[in-house]
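Peer 1: Be aware that the sequence shown starts at 88, since it is given in our numbering, and climbs by one per residue.
Because the hints were derived from the structure by calculation, they are not lab data. Each hint should be verified, as a subset may be incorrect.
[Said to hold, decoys possible] Pairs of lysine to any residue residues, derived as SDA-like cross-links and limited to a Cα-Cα distance of at most 20 Å, are as follows:
id: 1; residue 1: Lys-498; residue 2: Trp-466
id: 2; residue 1: Lys-487; residue 2: Tyr-538
id: 3; residue 1: Lys-435; residue 2: Lys-487
id: 4; residue 1: Lys-255; residue 2: Asp-90
id: 5; residue 1: Lys-483; residue 2: Tyr-538
id: 6; residue 1: Lys-226; residue 2: Gly-156
id: 7; residue 1: Lys-197; residue 2: Phe-522
id: 8; residue 1: Lys-483; residue 2: Phe-522
id: 9; residue 1: Lys-367; residue 2: Pro-431
id: 10; residue 1: Lys-207; residue 2: Glu-196
id: 11; residue 1: Lys-632; residue 2: Gln-587
id: 12; residue 1: Lys-543; residue 2: Pro-380
id: 13; residue 1: Lys-400; residue 2: Gly-156
id: 14; residue 1: Lys-498; residue 2: Ala-514
id: 15; residue 1: Lys-207; residue 2: Thr-273
id: 16; residue 1: Lys-601; residue 2: Lys-553
id: 17; residue 1: Lys-543; residue 2: Ser-568
id: 18; residue 1: Lys-129; residue 2: Arg-170
id: 19; residue 1: Lys-483; residue 2: Asp-90
id: 20; residue 1: Lys-400; residue 2: Trp-466
id: 21; residue 1: Lys-543; residue 2: Lys-435
id: 22; residue 1: Lys-543; residue 2: Lys-601
id: 23; residue 1: Lys-487; residue 2: Arg-542
id: 24; residue 1: Lys-159; residue 2: Leu-230
id: 25; residue 1: Lys-553; residue 2: Lys-632
id: 26; residue 1: Lys-404; residue 2: Ala-370
id: 27; residue 1: Lys-367; residue 2: Arg-340
id: 28; residue 1: Lys-544; residue 2: Ala-514
id: 29; residue 1: Lys-120; residue 2: Ser-330
id: 30; residue 1: Lys-619; residue 2: Gly-566
id: 31; residue 1: Lys-435; residue 2: Lys-498
id: 32; residue 1: Lys-632; residue 2: Asn-446
id: 33; residue 1: Lys-651; residue 2: Lys-553
id: 34; residue 1: Lys-400; residue 2: Gln-344
id: 35; residue 1: Lys-553; residue 2: Gly-577
id: 36; residue 1: Lys-435; residue 2: Ala-370
id: 37; residue 1: Lys-579; residue 2: Ala-514
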Amino acid sequence: MLDPKEYIADWPDMPYPNFSAWLSALEEQWQDKTAIYYRSGKQKEFTQWSFKRLAEESRRVGRGLLAAGLVKGDRVALWAENRPEWIATYLGAAIAGLIIVPVDFLVSEKECFNILEITKAKAFFYSVRKKEFAREAAKLAWLKTFVCFIDQGERAYPMFGQGAGSQKLPAVGEIAEHDPVSIVFTSGTTGFAKGVTLHHKGIIANANAAVRSLQALPSDIFINVLPLHHTYPTTCSFMAPFSCGAGTIIVERLVGQVVIDDIHDAGGTFLIAVPLLYDKVMAAIDQKYQQLPSIVRVVLDGLRRLALKEANKGNFKFGQKVFRFIRKKARLESIRIMVAGGGPLSIKTADFFDSFGFNIVHGYGMSENSPLISVNTPWHKRNASVGLPVKYTEVKIIDKNDEGMGEIVAKSPSIMLGYYENPEATAEMFTDDGFLKTGDLGYMDEDGFIYINGRKKNLIVSSGGKNIYPEEIEGHFSGSSVVGEVLIVGRKEKNYGGEQIFAVVVPNFEALAKDYPNQELTDAFLKGLVKKEIESVNRTLVGYKKITDFTLRREAFEKNAQQKIRRFLYKSYENP
C-alpha cells in the first residue's frame, strides 16, 4: 500500500470548525481577488465577484433570514440555476446557523413540493422560471419567506436583507462542527430519494482533502459546469477552489461552445465535470484529428503513445509540451487538469486525453461522504482505477469473494449525520464498526488503488453462478458512433436459474446522420448496425458476459443529475 504521504500534499489543514470561520478567513486573506466569474446571455465581459463581495452578499442573506424570523436549525430551500447568488444563498444560510436544502433544478414541481413538505422549509429562494410554482408553495402554512433571483420587483433578491444590517449573526463558537448545514436529496438510480444530512466540518474536511490530493493553487481558476445542488460540484467546484484562494467560473449552460468560450476567455485551469462531457469533447477533438493527413497522424500517433506512457508514470508535462498546438486549436490550452467524477470514466476516454497532454484524473465518491472518497492524482494514476483514498479517509473491501472482490466501504470525517428523519435507512448504510456502505462492488490492488466493477443492486448472476456487472459491459460502447446509450439488464433464462445478458440500445442518431446523410434511419437499418456493433463488443468479452439479444429504443433514457440512467424506471425490460 502506498503511504498517503507519498501522494497527498503535506500542506497545513484548514482549521475551520464551520462555514462562518471559513468564510471570514477567506475574506480576510483574499479580499479583492476574484472568487466568481459569470456571464449570461450575450454578455461579453464576465461579472466578477471578489471574495469580499461574496462574504458581504452571504452575510446580507444570512441576516435577512434571521430577521425574517428563522432560527438555528430551520431549513432554507434553494431551487434555481447555477449563478453567483446561488452560492451566496447557500453560504448565507450556513453562516446563519440554518440548513440549506438545494433542490435539483430539473426535478418536477411535484418532487420539489414534496421536499418542501418533508423538510418544512421556512424560506424558499427560487429562479424567476419558478415564479408560478412559488405562488402554489405559498399555500404551505410554515413557508413564509420567498426570495426570487430577479433584479427588481416583489421578492427580488437584491432587496432581501437590505434593512437587516443590525441583525446579529451567530458567533463562530455558536455553530458546532457537527451541526447540520445541508440536506441533499439524492436523485439516485433506484427511485427512492433520501435526504442526506451533511455537517459543517464534514464538507470543509472534504474540500480540504480535494485540494491536497490535486494540489490546487490560488492561481487556478476552476470551471463549474455541473448543477451546484449536488455535493460533487458543491465541494469540488466552489468549496475547494475558494478554500485555497482560487476562483471558479460558473458556466451558464452546458453547451459545448459556451463551455469552451468561458474556459478560453477566463483562462480556466481546473475542469470539474462528469464523464459524459469528456466523452463529447473527445468525440469533437477526435473528429478533427482524423481529418489530418494520414502521414501526419502516423507521426503524431507515435508521439501520443509516448505521451500516454509518460503520463501513466506521472510525467504529464511531456504531452503538454508536445501537443500544445492541439490544445490551443481546441481553445483549451489553459487547462492544466481535468477531473472526472459522478460516474465511470472509460479507459479509452482517459487515455485519449492523456495522450494529448490534457492530464485527466478520475475520482470517486458519494453524497453520503460529502462526497469525495478517492481520486487519482496527476502523479499517481491508473486510468482503470478511481484512484487512492483522499486524506483522513479509510477504505476497505468487505464480504470478498474468491477473487478478492466485495463491497467498498469507507470511513472519514466527512460522513453524513444520516438520512433526514429516516433512522432505519441510515442504520442500513453502516457496518457494525462504523464504515459507510457504498453499495459499489470492487477491489483494491497492492498499492491501494480502488477499482469498481458495478453496483451491488445491479448485479446479474449467470446460470453458472458467475457475477456480471452491467456497467462493465456498458463501458465497452463508450465513444461508439452507432450506440449512443445502452442499458444492460439480466433476463431470466427459461430453462435455467440464471440470467441472460440483454441490451437496450439508443442509437447515436447525431453521429449516424453525419455518417449516412442519404440513408433513412429505419429500425431495420439501425438493427443491422447495432447488431454488428454488439458482435464486435462480444468478441472482446468472455462467454458468460456476451450479449445474447437486444432491442432498440428511440428515446433517450431518463437520467439523474450525474447523467446516470435511472435504472429503476426500466425494470420492464428485465421481464418483457
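Peer 1: Hint by hint, note whether the structure agrees.
Peer 2: Outcome of the hint check:
no., hint, in the structure
1, Lys-498 to Trp-466, "24 Å, violated"
2, Lys-487 to Tyr-538, "14 Å, holds"
3, Lys-435 to Lys-487, "28 Å, violated"
4, Lys-255 to Asp-90, "46 Å, violated"
5, Lys-483 to Tyr-538, "12 Å, holds"
6, Lys-226 to Gly-156, "18 Å, holds"
7, Lys-197 to Phe-522, "34 Å, violated"
8, Lys-483 to Phe-522, "9 Å, holds"
9, Lys-367 to Pro-431, "15 Å, holds"
10, Lys-207 to Glu-196, "16 Å, holds"
11, Lys-632 to Gln-587, "9 Å, holds"
12, Lys-543 to Pro-380, "47 Å, violated"
13, Lys-400 to Gly-156, "57 Å, violated"
14, Lys-498 to Ala-514, "15 Å, holds"
15, Lys-207 to Thr-273, "18 Å, holds"
16, Lys-601 to Lys-553, "40 Å, violated"
17, Lys-543 to Ser-568, "30 Å, violated"
18, Lys-129 to Arg-170, "15 Å, holds"
19, Lys-483 to Asp-90, "15 Å, holds"
20, Lys-400 to Trp-466, "7 Å, holds"
21, Lys-543 to Lys-435, "24 Å, violated"
22, Lys-543 to Lys-601, "38 Å, violated"
23, Lys-487 to Arg-542, "15 Å, holds"
24, Lys-159 to Leu-230, "16 Å, holds"
25, Lys-553 to Lys-632, "9 Å, holds"
26, Lys-404 to Ala-370, "23 Å, violated"
27, Lys-367 to Arg-340, "15 Å, holds"
28, Lys-544 to Ala-514, "18 Å, holds"
29, Lys-120 to Ser-330, "13 Å, holds"
30, Lys-619 to Gly-566, "15 Å, holds"
31, Lys-435 to Lys-498, "31 Å, violated"
32, Lys-632 to Asn-446, "32 Å, violated"
33, Lys-651 to Lys-553, "25 Å, violated"
34, Lys-400 to Gln-344, "33 Å, violated"
35, Lys-553 to Gly-577, "12 Å, holds"
36, Lys-435 to Ala-370, "11 Å, holds"
37, Lys-579 to Ala-514, "32 Å, violated"
Violated hints, in rising order: 1, 3, 4, 7, 12, 13, 16, 17, 21, 22, 26, 31, 32, 33, 34 and 37; the structure is consistent with all others.
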